[in-house]
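Residue numbers (this note's numbering), protein chains in the order written: chain Y, 1 to 348; chain R, 349 to 682.
Think of the hints as simulated: they come from the structure by calculation, not from any bench.
Wrong hints could be hidden among the right ones.
What the hints assert, rightly or not - Derived contacts from chain Y toward chain R, CB cut-off under 8 Å, selection only:
#1 Lys3
#2 Met67
#3 Gly73
#4 Lys78
#5 Lys204
Glycine included, each C-beta is placed from N, C-alpha and C at the ideal position.
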Amino acid sequence: MSKVVTFGEIMLRLAPQGFLRFSQANSFDVVYGGGESNVAVSLANYGVSVDFVTRLPKNDIGECAMMEMRKRGVGVDKIVWGGDRLGIYFLETGAVSRGSKVVYDRAHSAIAEIKPGMIDWDAVFKDVEWFHWTGITPAISQGAADVCLEAVKAASAKGITISTDLNYRAKLWTFCDDAHREKIMTELTSYCDVVLGNEEDAEKHFNIHPEGLDVHKHGHDVKAEAFLSVCKQMMEKFPKAKKVITTLRGSISASHNTWAGVLYDGKKMYETRQYQITDIVDRVGGGDSFMGGLIYGLLKYPEDDQNALDFAVAASCLKHTIKGDANLVTVAEVEKLMGGDASGRVAR
Amino acid sequence: MSQIVTFGEVLMRLSAEGNKKFIQSNRLEFYFGGTEVNVAISIANFGDDVKHISCISDDFVGDTAISYLRKFGVETSSIVRSKQPLGVYFLEVGAVMRPSMISYNRSHSSFSEIKPKMVDWEASLKNCSWFHWTGITPALCEGGFQTLKEGLVLAKKKGLEVSSDPTYRSGLWKYGADPKETISDLLNYSTIFIGSVNEINEVLGSDYKYSNEDFIKASKHLMKAFPSINKVFDKMRTSINASWHKIRSRMWNGDDFRETVDLDITHIVDRIGTGDAFAAGLIYGLQHFDDYKAMEFAAAASALKHTYEGDVNFSSVEEVMNVLDGNTSGRLNR
């Protein structure tokens, strides 16, 4: 099947066990993850040939991050080595009314210090059909933003399909002001064929609002129709985009979310059923698993956006039941849920 | 680039934490091991291109085992699958005067289903220059022996270097084959013998003693009986107690006898897989150094393995070289 490339940062995730607070914990569980590497792992699990491109420090911790990708069947040959450190993020898992917390320790990571010319994009994009980046990468540093632009330009010149997940992260984006951020994101997004975001991403990045909804006050009651206006405004702003997709997360509590998605192709808005995720195990990487499922779906069912969207939503529902950043499910497991079997019975 | 191939059973290792006895533990740690897998992972850690061939259960346990190999950079594309479960072994790690204990659960494992023609040897050995096997595989089942022989016949035809570690385990060999006859048959396709005087005696039915003089005589005798064998390496272990061993090795390559100094391992963390670490070090060494340096490298690699939990030597070439250069202080590297 087609070859996909994702580009971004992979970090060491250190998390107290279970639901312990940072102040209670004496040990951390180790996971390696990042928005774009999580998408790559999803795709590898679905049998798609995928390369993850990043910059890693040449030390044991960098090697472990690479090995984690290789273990999952993701191609690692295009990773460049250099810099001093792997980024770290600390995660405290919330429950019910206590939200999860993230503390970043990722400044000056190997990829934060990347510069144009370090990655041979011509070689990376040989025989590649799809390139995926996210709004996290340009938020890391000016250098990372520059290399991201280099990548989308090279991919675009080769006629490669480009997707993004806008992924607005308030705690990142420290190297520039809001106006510069919007300029960077607007330029990068203008090369994209497929744009994924949630209501907050469109608002924070491009000041595009859903009509008649305040997501912070009405988090548990998200309606698909409200996002049609977001999709339309996005398509006006980004004429190259053929599909704009929004995830609809209803946050009833940290433990109970609803989950659905909509896709607008410029003519029609497709909508999925709404899933109830009643006992969340780990919601980090939920959006990435949606993107992984969507790329797979759009490649697998090119004439059937509804099916692709259904696959993405079902895949990311399953992610919420899996500890760690990455979605470790197979096509058969996703299709079983799409087929309506949400019983969770033991498969013997 | 030329590749090294290893062939044999992959086992899941379930071990009690730390030095706990089984009866004390409510939690078992799992790793994947098996003698030839340990060799493959160690070679991959050294940076050489290596492929492992096996028959692994077609379920999520088998998938996890394959991911484990892939993580370390071992190529898995020639692995075949079967409906039986992956073999398991249980380990209790001893200390000082209490020996380690092992119990196997492998008699109807996925590997026991392997039969000739299941592995496409022609394709599997396409870019290979080296084949490594051990005496565990022909001891397990008829299909294991026959499939291995199938691979070795082709390896010899293609002129591959073939290293054999005939490791004799009397507890295996339950399917009726005669160990002496079976191993002898396979040694006809081998070029390098890794084993002790005892193992030479097993094959030849001889009675050589432990001395260097007898080792040379035994090696010459072995090379006469199996003319394709041109190098013999012996790894020797002196066991002071379960936590303190000394290891040493010696070789005969038809011209020269050489031996290493004793390496003193005073506080063993885990001795499982140290012989495999030796074999991996030797295979790497023989491709990059002369015979003597290769043996020294293998001995240093094996010494380092005693410091790791699990079956596998996780050392890099640089770390082994450090020990070889006499840097055994174990000072903190900041």
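To see whether the hints hold, each was checked on the structure:
1. Taking 8 Å as the C-beta cut-off, the interface hint given for lysine 3 of chain Y is violated, the closest approach to chain R being about 17 Å.
2. Checking methionine 67 of chain Y against chain R by beta carbon gives a least distance of about 5 Å; that is within 8 Å, so the hint holds.
3. Among the interface hints, the one on glycine 73 of chain Y holds; its C-beta lies about 6 Å from the nearest C-beta in chain R, closer than the 8 Å criterion.
4. Hint status for lysine 78 of chain Y relative to chain R: violated, with the closest Cβ pair at about 15 Å, above 8 Å.
5. Taking 8 Å as the C-beta cut-off, the interface hint given for lysine 204 of chain Y is violated, the closest approach to chain R being about 37 Å.
Of the hints listed earlier, those the structure fails to meet are numbers 1, 4, 5, in rising order.
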